[in-house]
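Quick mapping for you: the protein sequence lines, in order, are chains A and B.
Going by this note's numbering, 1365 is the number at position 20 of the first sequence; the sequence numbering is gapless.
Going by this note's numbering, 38 is the number at position 33 of the second sequence; the sequence numbering is gapless.
Fair warning: there could be bad hints in the mix.
What the hints assert, rightly or not - DMTMM-like cross-link-like pairs, simulated, lysine to aspartate or glutamate; straight-line CA separation at most 20 angstroms:
hint	chain 1	residue 1	chain 2	residue 2
1	B	Lys71	B	Glu27
2	A	Lys1401	A	Glu1360
3	A	Lys1412	A	Glu1348
4	B	Lys46	B	Glu27
5	B	Lys46	B	Glu92
6	B	Lys60	B	Asp70
7	B	Lys46	A	Glu1348
8	A	Lys1412	A	Glu1350
9	A	Lys1412	A	Glu1402
10	B	Lys46	A	Asp1423
11	A	Lys1401	A	Asp1423
12	A	Lys1401	B	Asp93
13	A	Lys1415	A	Glu1348
14	A	Lys1347	B	Glu64
15	B	Lys46	B	Asp93
16	A	Lys1387	B	Glu57
17	B	Lys46	A	Asp1428
18	B	Lys46	A	Asp1352
19	B	Lys69	B	Glu92
20	B	Lys25	B	Asp93
21	A	Lys1412	B	Glu107
22	B	Lys46	A	Glu1402
23	A	Lys1387	B	Glu27
24	B	Lys25	B	Glu92
Stated by the list, open to error - Here's a subset of chain B near chain A, in silico, CB distances under 10 angstroms, partners left out:
hint	residue
25	Ser48
26	Met50
27	Leu51
28	Pro113
What the hints contain is simulated information worked out from the structure, not anything from laboratory work.
All C-beta atoms in this analysis are idealised placements derived from N, C-alpha and C, irrespective of residue type, glycine included.
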Amino acid sequence: QKEVEQDPGPLSVPEGAIVSLNCTYSNSAFQYFMWYRQYSRKGPELLMYTYSSGNKEDGRFTAQVDKSSKYISLFIRDSQPSDSATYLCAMSAYDTGRRALTFGSGTRLQVQP
Amino acid sequence: GAVVSQHPSWVICKSGTSVKIECRSLDFQATTMFWYRQFPKQSLMLMATSNEGSKATYEQGVEKDKFLINHASLTLSTLTVTSAHPEDSSFYICSALTSGAETQYFGPGTRLLVL
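Isolated chain A (complex conformation) (with noise of 0.2 angstroms):
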């Protein structure tokens, strides 16, 4: 079993849509979580970095992360065409001293216009 599991998609929706992408993971170490956005043949962009479980919001983005299911989520309203591109949670477990991220998998996303 990975470590952190996300559907890789592809996922397609209507521009205007709402996207929900999701990850679970299975260490109970992992205190920072992240959401990266990344276009073909780019380095990830960072969206979104939580610590807490609950919600925070960013413009068209929320991140929501409920420890106790080991389970987040990103949600983007009012989606664009420019948002599609591949998604990758992440997440790290500093208090281990391993400050590396382990990634999910990336799900694609694909906003049509």
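We have chain A already, so just place chain B on it with the hints.
Quick look at chain B alone, frame taken from chain A:
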């Protein structure tokens, strides 16, 4: 935001040659840098963790003699792929972390093609 650069952005080389990739943090000091490899349609796989002034820590299955990492300053880490082979062709991405922070900032990646 923090900016990380990589050079070169792409490189083509012959089998058996060595290739050096540079990763620089442009506007902050990076105590720790990470090197990842990404194959097509796959996620990022950590290769090694590099702390300034000390030896890199390699992930299981990554040959340290083949992938030489040097982190000589707080703004520069290099990855040298020695005696490259076609199976080393991949997208290599670095990230940088500053002391006390948990957010990693990624470089734009280097695409390596070994013929």
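Results for each hint:
Under the criterion of a C-alpha separation no larger than 20 angstroms, the hint pairing Lys71 of chain B with Glu27 of chain B is consistent with the structure, at around 16 angstroms. Note on Lys1401 of chain A and Glu1360 of chain A: the hinted pairing is violated, with a Cα-Cα distance of about 23 angstroms set against a maximum of 20 angstroms. With a C-alpha separation of about 14 angstroms, the suggested pair Lys1412 of chain A and Glu1348 of chain A falls inside the 20 angstroms cut-off, and the hint holds. Taken as a hint, the Lys46 of chain B and Glu27 of chain B pair is broken in the structure, with Cα atoms around 24 angstroms apart against an allowance of 20 angstroms.
Distance restraint check for Lys46 of chain B and Glu92 of chain B: the Cα-Cα separation of roughly 16 angstroms lies within the 20 angstroms cut-off, and the hinted pair is therefore satisfied. This hinted pair checks out: Lys60 of chain B and Asp70 of chain B have alpha carbons roughly 12 angstroms apart, not beyond 20 angstroms. Annotation: proposed proximity of Lys46 of chain B to Glu1348 of chain A holds, straight-line Cα distance about 19 angstroms (limit 20 angstroms). At roughly 15 angstroms between alpha-carbon atoms, Lys1412 of chain A and Glu1350 of chain A fall within 20 angstroms of each other, so this suggested pair holds.
Restraint check for Lys1412 of chain A and Glu1402 of chain A: satisfied, since their Cα atoms lie roughly 18 angstroms apart, inside the 20 angstroms limit. Among the hinted pairs, Lys46 of chain B with Asp1423 of chain A is inconsistent with the structure: their alpha-carbon atoms are about 26 angstroms apart, more than 20 angstroms. For a cut-off of 20 angstroms, the pair hint linking Lys1401 of chain A to Asp1423 of chain A stands: about 17 angstroms separates their Cα positions. As the CA atoms of Lys1401 of chain A and Asp93 of chain B are separated by approximately 39 angstroms, the hinted pair breaks the 20 angstroms bound.
For the hint pairing Lys1415 of chain A with Glu1348 of chain A, the CA-to-CA distance comes to about 11 angstroms; that is within 20 angstroms, so the pair holds. Note on Lys1347 of chain A and Glu64 of chain B: the hinted pairing holds, with a Cα-Cα distance of about 16 angstroms set against a maximum of 20 angstroms. For the hint pairing Lys46 of chain B with Asp93 of chain B, the CA-to-CA distance comes to about 16 angstroms; that is within 20 angstroms, so the pair holds. With a CA separation close to 25 angstroms, the supplied pair Lys1387 of chain A and Glu57 of chain B exceeds the 20 angstroms bound.
Taking the CA atoms of Lys46 of chain B and Asp1428 of chain A, the gap is near 18 angstroms; set against the 20 angstroms cutoff, the hint holds. Of the pairs offered as hints, the one joining Lys46 of chain B and Asp1352 of chain A holds, with about 13 angstroms between alpha carbons and a cut-off of 20 angstroms not exceeded. Between Lys69 of chain B and Glu92 of chain B, the direct Cα distance comes to roughly 16 angstroms. Compliance with the 20 angstroms bound is thereby established for this hinted pair. Restraint check for Lys25 of chain B and Asp93 of chain B: the C-alpha separation of about 13 angstroms stays at or below 20 angstroms, so the hint holds.
Between Lys1412 of chain A and Glu107 of chain B, the direct Cα distance comes to roughly 18 angstroms. Compliance with the 20 angstroms bound is thereby established for this hinted pair. Proposed proximity of Lys46 of chain B and Glu1402 of chain A is contradicted: the alpha carbons are some 29 angstroms apart, above 20 angstroms. Taken as a hint, the Lys1387 of chain A and Glu27 of chain B pair is honoured in the structure, with Cα atoms around 16 angstroms apart against an allowance of 20 angstroms. Between Lys25 of chain B and Glu92 of chain B the alpha-carbon distance is near 17 angstroms, which keeps this suggested pair within the 20 angstroms criterion.
Because the smallest distance between the Cβ of Ser48 of chain B and any Cβ of chain A comes to about 5 angstroms, under 10 angstroms, the interface hint for this residue holds. This hint holds: Met50 of chain B has a C-beta 8 angstroms from the nearest C-beta of chain A, less than the 10 angstroms allowed. Annotation: Leu51 of chain B was flagged as interfacial toward chain A, and the flag holds, the nearest CB pair being 5 angstroms apart, inside 10 angstroms. For Pro113 of chain B, the shortest C-beta to C-beta distance to chain A is roughly 5 angstroms, which falls under 10 angstroms, so the interface hint holds.
Violated hints for the displayed structure, listed by number in ascending order: 2, 4, 10, 12, 16 and 22.
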